[in-house]
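So the protein sequences, as listed, match chains U and X. Counted from 1, the first sequence has number 47 at position 47 by full-length UniProt numbering; the numbering is strictly sequential. Counted from 1, the second sequence has number 173 at position 173 by full-length UniProt numbering; the numbering is strictly sequential.
Source of the hints: derived by calculation from the structure; they are not laboratory data. Be aware that a few hints might be false.
Chain copies aren't distinguished; within one or between two, either way the pair holds.
As the list claims (entries may be wrong) - Subject to a maximum C-alpha distance of 35 Å in a straight line, what follows is the list of computed DSBU-like cross-link-like pairs (lysine-lysine):
1) K107 x K217
2) K199 x K106
3) K66 x K204
4) K58 x K182
5) K55 x K132
6) K182 x K106
7) K204 x K182
8) K229 x K66
9) K106 x K217
None of these values were measured; they are calculated from a predicted model.
2 protein chains.
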Amino acid sequence: MLRSCTAGLRSIWALRGRREGAPRLSMDLQPARRLFSTEKVIHKDWALPNPSWSKDLKLLFDQFMKKCEDGSWERLPSYKRRSTQESEDFKTYFLGSALQTQSLWKKAQLFTRGFEDGLGFEYVIFKNNDEKRTVCLFQGGPYLQGVPGLLHGGAMATMIDIALGSCTGGAVMTANLNINFKRPVPLCSVVVINSQLDKLEGRKLFLSCNVRSVDEKTLYSEATGLFIKLDPEKSST
Amino acid sequence: MLRSCTAGLRSIWALRGRREGAPRLSMDLQPARRLFSTEKVIHKDWALPNPSWSKDLKLLFDQFMKKCEDGSWERLPSYKRRSTQESEDFKTYFLGSALQTQSLWKKAQLFTRGFEDGLGFEYVIFKNNDEKRTVCLFQGGPYLQGVPGLLHGGAMATMIDIALGSCTGGAVMTANLNINFKRPVPLCSVVVINSQLDKLEGRKLFLSCNVRSVDEKTLYSEATGLFIKLDPEKSST
Chain U
1 MLRSCTAGLR SIWALRGRRE GAPRLSMDLQ PARRLFSTEK VIHKDWALPN
51 PSWSKDLKLL FDQFMKKCED GSWERLPSYK RRSTQESEDF KTYFLGSALQ
101 TQSLWKKAQL FTRGFEDGLG FEYVIFKNND EKRTVCLFQG GPYLQGVPGL
151 LHGGAMATMI DIALGSCTGG AVMTANLNIN FKRPVPLCSV VVINSQLDKL
201 EGRKLFLSCN VRSVDEKTLY SEATGLFIKL DPEKSST
Chain X
1 MLRSCTAGLR SIWALRGRRE GAPRLSMDLQ PARRLFSTEK VIHKDWALPN
51 PSWSKDLKLL FDQFMKKCED GSWERLPSYK RRSTQESEDF KTYFLGSALQ
101 TQSLWKKAQL FTRGFEDGLG FEYVIFKNND EKRTVCLFQG GPYLQGVPGL
151 LHGGAMATMI DIALGSCTGG AVMTANLNIN FKRPVPLCSV VVINSQLDKL
201 EGRKLFLSCN VRSVDEKTLY SEATGLFIKL DPEKSST
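With the hints as constraints, model all of the structure from the sequences given.
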């Protein structure tokens, strides 16, 4: 079991783990495709514009898509689920003999892609591999409310976790998140999360980010993160 | 506008802000009630068992309900929305003249109550006022997945934010969250978040919590939080 798990993680490692819930690498803009003949799920890429996106979000998306043309930036696709094999590899790695087969698990999907269009997390991440940094464009919908009229701090923390993780370029786990909330984010507004890899020490990755308004005048949050690279030679159990 | 806002926040203050999305104080177990004749929404209390709750969660719930009988503990109800007036007060306080009236806002609801029963955040918080601490019983559903088979770090951060906030006893905003993720949480399992108020300095509240398995043997996370009491005499804009 460990050997197959290790092989699976090596495969995940090779994919550089940079696409959330990603079944396979894909740089095209096809909204959906079928991966394996045994899979019934058609994987839709959710990091593309939909009618709920505001003018600000669409405009920024177009600007970054232009930056992708010379290859310096790339858009990271985003899926609700990983492929079945990858999912099993991860479960075995983390849960080992304690692996459960609850029926609820069959419904499992990525946290940030669980809401209908426009109601929850609308976002896309662009990555600059040479500069080891990413830019996440995020519009938090009405189902992400905390104090009335404002984005929930937990929703912001979630996007910060994802944005920092997108800089890691590998299969990783979050070990520490330290977030300073400077100003509350109005619900349904667009923010820009700039993340970067600051330092690499063995399997430890030290990252930081800031969250700003589209015009960059308002600093909403600053955060640091410590992520640990998973060791494909070892199970965590 | 400021005066009415101030009056509104005083009222919120008086309610001690301890119930998420709470329209008014309520200690009974009525699942739903109508507050104002002008309101069309019937406020359902979501911090009560539903068929998706696991045996572990129900058992812990029953244990804490027993502790409530002598008044040392209380169950905190939880609603998707605050009353219309409170919502308007908050929006005015935070957003002032920049208050927007986007149609999406009409759908606004508490982040952690946006999923169908069992798919997202299933939780209930019990509070011990004398000891300035709370216990949050949390079952993270299949729509909160991060790495396959595991709870998303952002979902855990969200619950930590809410659990710490439940100790504050006032209208507050999160200023800092510092979370150490020790071990990943299996999806659909139940965890217990013990939170406490460590120190109060003026408007600053310093809090801490830990997240453990039901049998207390596994420490999943530890966190500290700094929350700031809102000043009802001032608008934030």
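Hint by hint, here is what the structure shows:
1. Proximity of K107 and K217 under a CA criterion of 35 Å is satisfied inter-copy only: 28 Å between copies versus 41 Å inside one chain copy.
2. Taking the closest pair of Cα atoms, K199 and K106 never come within 35 Å of each other, the shortest separation being 38 Å inside a single copy and 44 Å across copies.
3. In this assembly of identical chains, K66 and K204 lie within 35 Å of each other by CA distance solely inside one copy; the values are 33 Å within and 45 Å between copies.
4. Within a single copy, K58 and K182 get their C-alpha atoms as close as 26 Å, which meets the 35 Å cut-off; across copies the closest is 38 Å, which misses it.
5. In this assembly of identical chains, the alpha carbons of K55 and K132 lie at most 35 Å apart only when taken from the same copy (28 Å versus 46 Å across copies).
6. Taking identical chains as interchangeable, the C-alpha atoms of K182 and K106 lie at most 35 Å apart only when they sit on different chains, with a minimum of 26 Å there against 39 Å within one chain.
7. When the C-alpha separation of K204 and K182 is checked against a cutoff of 35 Å, the pair qualifies both within a copy, at 27 Å, and between copies, at 14 Å.
8. Taking identical chains as interchangeable, the C-alpha atoms of K229 and K66 lie at most 35 Å apart only when both belong to the same chain, with a minimum of 32 Å there against 44 Å between chains.
9. Taking identical chains as interchangeable, the C-alpha atoms of K106 and K217 lie at most 35 Å apart only when they sit on different chains, with a minimum of 27 Å there against 44 Å within one chain.
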